[in-house]
Amino acid sequence: MRIAVERLLEGVTQTLLEQVLPRLEGRAARGQLFAAVEVLRNLERRADWVEAPLAEEAASAESALRAAAERLRDAQDAALAVRIEARLTSWPSAPTTDRVRAARATLCDAFGWLDEAPPAAAAAARPPLGAHLAAQAVRDISRLAPGSLLEEVSRG
Amino acid sequence: MSDLTVRLERFFAARFPKAAGLRVTDLETHTEGFSQETFSCTVERMLGGARERTHWVVKREPTAGLLEPYDLEPEFRVLHGLAGVPLPAPATPWFERDPAVLERPFYVMERLPGEVPLPVPGPDGDGPFTASERTALAPQVMDALAALHAVDWRARGFAFLGAPTCGDSAAREVERWADRLDRSSLELAPVVIEALVWLRRHASDDADVVLLHGDFRLGNWLVTRSGETTRLSGVLDWEMVHLGDPAEDVAWCVSHLWRGQTPRAACLAPPAELVQLYERASGRRLDPDRLRFYEVLAIVKMLAIMSTGVCAFREGRTRDLRMALFDHQMVMLHALLAALRGWLPLPP
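Chains H and R are the protein sequences, given in the same order.
Okay, so the first sequence: first residue is 20 according to the working numbering, each after it adds one.
Okay, so the second sequence: first residue is 14 according to the working numbering, each after it adds one.
Calculated directly from the structure, the hints in this document are not laboratory data.
Please note that a few of the clues may not be correct.
What the hints assert, rightly or not - Computed from the model, here is a short list of chain H residues facing chain R with C-beta under 8 angstroms:
hint	residue
1	ALA54
2	ARG123
3	CYS127
4	PHE130
5	ASP134
6	GLY149
7	ALA150
8	ALA153
9	ALA156
10	ILE160
11	LEU163
Said to hold, decoys possible - Which residues of chain R face chain H? A few of them, derived with a C-beta cut under 8 angstroms, are:
hint	residue
12	ILE206
13	VAL210
14	ARG214
15	ARG335
16	LEU338
17	VAL344
18	MET345
19	HIS347
20	ALA351
To be verified - Sample of chain R residues lacking proximity to chain H, with all beta carbon distances greater than 12 angstroms (derived):
hint	residue
21	ALA63
22	GLU86
23	PRO283
Note that the Cβ used here is the ideal one computed from N, Cα and C, for glycine as well.
Taking the hints into account, I'd like the entire structure generated from these sequences.
And the structure:
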């Protein structure tokens, strides 16, 4: 292989936009082309996605859940704090994909448990979890190619 | 002549038995939609010695799509039953279930004039409308929505859509879309689960049950522009029609989803102004908390629709790359959901 993958993807994208797009008249065909370009532009970043970002997500979820447990203890709901902490200890340390899956599942369950908890304790524990959701949404977006063509795709 | 043209000629000839020399022309397949298959055509026939041309749209059940499983009959019955109501809805005379005709069920409606502006930034980054078009259109769309909500659905025989009982419109919608998310078999992000828990907790009773379009938004409106006049000439895509809380349609219409990177709901007016226009037209006050509830539900609903598309692509039931792209777009919706739940600042 003489051409690096990133250059290959960049080249395909350029060709599609410069050589193919100007010759396409149908709205549906243009929609398909923009979609293909967007997929290609994100492919390399998706390949990068494998380890580090997942580990980062799991670590962020863990610290949010620990902070929530601490707040529950302060709010006199030690039972729920223990329940969350017990789940944390059951997470597999590897592979990262399994660990992040366990982190997401624990978060999902925690939101359900908090919904059943005394309102004051739940209100105290939610903010660190919400902060994690916010941070994760921002991290996920940052992994998409900037200057998205998504709006072009919606033209059909 | 294509097989589809031949089949359609046979279909229309049976509907116009007295017409001579019937021909189907200008047949076009419209694949820009994400859901039902749409064809448009012209029917030419001799009538009283003159050649008459009428324009039609055929909506056919797709093999895979965002709102599967499909049943076109409810929306047909509503569109058919709305005849005579002062709404820019297309006259829809025929529904056909017999697979011998077009392989899958379809219905036929008149083609309305106009074009479909989309919620995307124009060259100046200001959405698809000029200032004067916005001023003209904003009250028209909210008048149309109020007129739809004023339809006496019981008298028109629309109870078959399933009226919510005991004021459970909100809870029923949450479960409808949660179920769709489950069926997509994609792993749900924690931000979606958090929103579902919140929605279930805050689904409150309601008194008002009206006929809802279900997808009333920029992108499903036909607009005609003629000189200084801008007119809402059609409301399309009725596949999510159901009975429920009027705030659901309003929240969907003003959602961040259709702002085209402008600060205006539906690229038309500030959200509060559009809501006010609706309130004035309908004589109904909308509780801001209720609207917020349905704005959160709107994002969940969109995520459920996208999940269905991603799933169809993953399983090889569609080759439409736009479905694959939803995988990226869902990330944006997760952020919007986090913002509507108060975990992130809301975009303007």
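The hints, checked one at a time:
Taking 8 angstroms as the C-beta cut-off, the interface hint given for ALA54/H holds, the closest approach to chain R being about 4 angstroms. Checking ARG123/H against chain R by beta carbon gives a least distance of about 5 angstroms; that is within 8 angstroms, so the hint holds. At a threshold of 8 angstroms, the smallest CB-CB gap from CYS127/H to chain R is about 4 angstroms, leaving the interface hint in force. Interface hint at PHE130/H: satisfied, since its Cβ lies 5 angstroms from the closest Cβ of chain R, which is below the 8 angstroms cut-off.
A hinted interface residue such as ASP134/H counts as satisfied when its beta carbon comes closer than 8 angstroms to some beta carbon of chain R; here the least separation is about 5 angstroms, so the hint holds. With its C-beta approaching chain R no nearer than about 4 angstroms, GLY149/H sits inside the 8 angstroms limit, and its interface hint holds. Annotation: ALA150/H was flagged as interfacial toward chain R, and the flag holds, the nearest CB pair being 7 angstroms apart, inside 8 angstroms. Using the Cβ-Cβ criterion of 8 angstroms, the hint placing ALA153/H at the interface with chain R is satisfied: the shortest such distance is roughly 4 angstroms.
Given hint, ALA156/H at the interface with chain R, holds; its Cβ is 4 angstroms from that chain's nearest Cβ, closer than 8 angstroms. Hint status for ILE160/H relative to chain R: holds, with the closest Cβ pair at about 6 angstroms, below 8 angstroms. With a cut of 8 angstroms, the hint placing LEU163/H at the interface with chain R holds, because the nearest CB-to-CB distance is about 6 angstroms. The criterion of a C-beta within 8 angstroms of any C-beta in chain H is met by ILE206/R, whose closest approach is roughly 4 angstroms, and the hint holds.
With a cut of 8 angstroms, the hint placing VAL210/R at the interface with chain H holds, because the nearest CB-to-CB distance is about 5 angstroms. Against a cut-off of 8 angstroms between C-beta atoms, the interface hint on ARG214/R holds, since the closest Cβ of chain H lies about 6 angstroms away. Below 8 angstroms, beta-carbon pairs count as interface contacts, and ARG335/R has one with chain H at about 5 angstroms; its hint therefore holds. A hinted interface residue such as LEU338/R counts as satisfied when its beta carbon comes closer than 8 angstroms to some beta carbon of chain H; here the least separation is about 5 angstroms, so the hint holds.
For VAL344/R, the interface hint holds, since its Cβ comes within 8 angstroms of a Cβ in chain H; the closest pair sits about 4 angstroms apart. Given hint, MET345/R at the interface with chain H, holds; its Cβ is 7 angstroms from that chain's nearest Cβ, closer than 8 angstroms. Because the smallest distance between the Cβ of HIS347/R and any Cβ of chain H comes to about 5 angstroms, under 8 angstroms, the interface hint for this residue holds. With a cut of 8 angstroms, the hint placing ALA351/R at the interface with chain H holds, because the nearest CB-to-CB distance is about 5 angstroms.
The non-interface label for ALA63/R is consistent with chain H: the shortest C-beta to C-beta separation is roughly 34 angstroms, beyond 12 angstroms. The claim that GLU86/R is not at the interface with chain H holds, since no C-beta of that chain comes within 12 angstroms of its own (minimum 27 angstroms). At the 12 angstroms boundary, the C-beta of PRO283/R stays outside the reach of chain H, the nearest C-beta of that chain being 21 angstroms off.
Checked against the numbered hints given earlier, this structure breaks none of them.
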